Amino acid sequence: MTRPRSRTSLAAIALTAAGLCCIAPATFAAGPVTVGLFMAGVVLVFAGVLVAAVSLPALLRRRDPD
Amino acid sequence: MLTPVPAFIAIAALALACGLLFVIARRLWRPERGRPSPALLVVGLLVAPLSALSLASTRMVADMKEIAACGSCHVMDHFVSDLLDSASVTLAARHFRADSMPDDACYACHTGYGLAGSFTAKRAGLHHWWQYITHSWTEPIEYQGRYPNANCLACHPEEPMFADSIPLHVALQDSIMADVVTCFMCHGEPHARRAVKIPGETGG
Numbered sequence: 001m002t003r004p005r006s007r008t009s010l011a012a013i014a015l016t017a018a019g020l021c022c023i024a025p026a027t028f029a030a031g032p033v034t035v036g037l038f039m040a041g042v043v044l045v046f047a048g049v050l051v052a053a054v055s056l057p058a059l060l061r062r063r064d065p066d
Numbered sequence: 001m002l003t004p005v006p007a008f009i010a011i012a013a014l015a016l017a018c019g020l021l022f023v024i025a026r027r028l029w030r031p032e033r034g035r036p037s038p039a040l041l042v043v044g045l046l047v048a049p050l051s052a053l054s055l056a057s058t059r060m061v062a063d064m065k066e067i068a069a070c071g072s073c074h075v076m077d078h079f080v081s082d083l084l085d086s087a088s089v090t091l092a093a094r095h096f097r098a099d100s101m102p103d104d105a106c107y108a109c110h111t112g113y114g115l116a117g118s119f120t121a122k123r124a125g126l127h128h129w130w131q132y133i134t135h136s137w138t139e140p141i142e143y144q145g146r147y148p149n150a151n152c153l154a155c156h157p158e159e160p161m162f163a164d165s166i167p168l169h170v171a172l173q174d175s176i177m178a179d180v181v182t183c184f185m186c187h188g189e190p191h192a193r194r195a196v197k198i199p200g201e202t203g204g
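The listed protein sequences correspond, in order, to chains U and S.
FYI, the numbering for the first sequence is 1 to 66, going by our numbering.
FYI, the numbering for the second sequence is 1 to 204, going by our numbering.
Treat each hint with caution, since some may be false.
[Said to hold, decoys possible] A partial selection of chain S residues facing chain U, derived with a Cβ cut-off under 10 Å:
id	residue
1	Ala-10
2	Phe-22
3	Ala-25
4	Gly-44
5	Leu-50
6	Asp-63
7	Ser-72
8	Cys-109
9	Ala-121
10	Arg-123
11	Gly-125
12	Met-177
13	Val-180
Calculated directly from the structure, the hints in this document are not laboratory data.
What you are looking at is a predicted structure, and each value in this text was computed from that prediction instead of being measured.
Yeah, the Cβ is synthetic: ideal placement off N, Cα and C, and Gly gets one too.
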């Protein structure tokens, strides 16, 4: 069974992907629900990008940051 | 300020960013398929998500200026229905009928001019959103503070208004410019009055 090479990177990807999915409804219609999702999405995307930026140097060196 | 992109471009950017994330995750999960290249990592983890977020934000900010966005909270039904009422004599309805700001009628009058005006409007909008989801607003809904005449004068030029043809404007010019006398005092209510409604109560 294959184990994840970088749990940090995968966590960053999960955060970012979840954020992008939250943002998507806001591009169709602006309302109280979509605005809330949008703000949550912005937080998730920035959190994901921040974690990714931290783990990126290790990934680029082809080393496991964990 | 970035120009708002069409919704399909924002969605395409979001889908592309998610697709790149999926490819990177798959390669990290199963490295025997080949590790992701440095370019793919940088673009997929940083550039694409932030670009998609920026594009979606421009769309979101543009949509928030439309009447439909303001009317999406049911507590605003009264104001929007008055705005669209062809028989209404309120200032908002008369301006809307004159086709002076067909799409962003609420935003046009409720936003000050300049960068500070947009920022203040967004901050107020966030406050309204919080009040709506927490059911913490109070009825009747009233404009907080004092409506600046500068918002009216931004569209209605001062030169003809303060010319000799309208003696009352000339007489009150200093008071109008100092916001001592508001435009509403002579030109009527901006919106129709509404009955008191309990927060959380449904219906217009």
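Do the hints match the structure? See the list:
1. Using the Cβ-Cβ criterion of 10 Å, the hint placing Ala-10 of chain S at the interface with chain U is satisfied: the shortest such distance is roughly 4 Å.
2. For the restraint placing Phe-22 of chain S at the interface with chain U, the shortest Cβ-Cβ distance is roughly 8 Å, inside the 10 Å limit, so the hint holds.
3. At a threshold of 10 Å, the smallest CB-CB gap from Ala-25 of chain S to chain U is about 5 Å, leaving the interface hint in force.
4. Here the hint on Gly-44 of chain S is kept, as its CB sits about 8 Å from the closest CB of chain U, short of 10 Å.
5. Interface restraint check for Leu-50 of chain S: the shortest CB-CB distance to chain U comes to about 6 Å, inside 10 Å, so the restraint holds.
6. A least Cβ separation of about 4 Å between Asp-63 of chain S and chain U falls short of the 10 Å threshold, and the interface hint therefore holds.
7. With its C-beta approaching chain U no nearer than about 4 Å, Ser-72 of chain S sits inside the 10 Å limit, and its interface hint holds.
8. With 10 Å as the threshold, the beta carbon of Cys-109 of chain S stays out of range of chain U, its nearest partner Cβ sitting at about 18 Å, so the hint is violated.
9. At its closest, the beta carbon of Ala-121 of chain S sits 14 Å from a beta carbon of chain U; the interface hint therefore is violated under the 10 Å criterion.
10. Checking Arg-123 of chain S against chain U: minimum C-beta separation of about 13 Å lies over 10 Å; hint violated.
11. Checking Gly-125 of chain S against chain U by beta carbon gives a least distance of about 8 Å; that is within 10 Å, so the hint holds.
12. With its C-beta approaching chain U no nearer than about 35 Å, Met-177 of chain S sits outside the 10 Å limit, and its interface hint is violated.
13. Interface hint status for Val-180 of chain S: violated, as the beta-carbon distance to the closest one in chain U is roughly 37 Å, over 10 Å.
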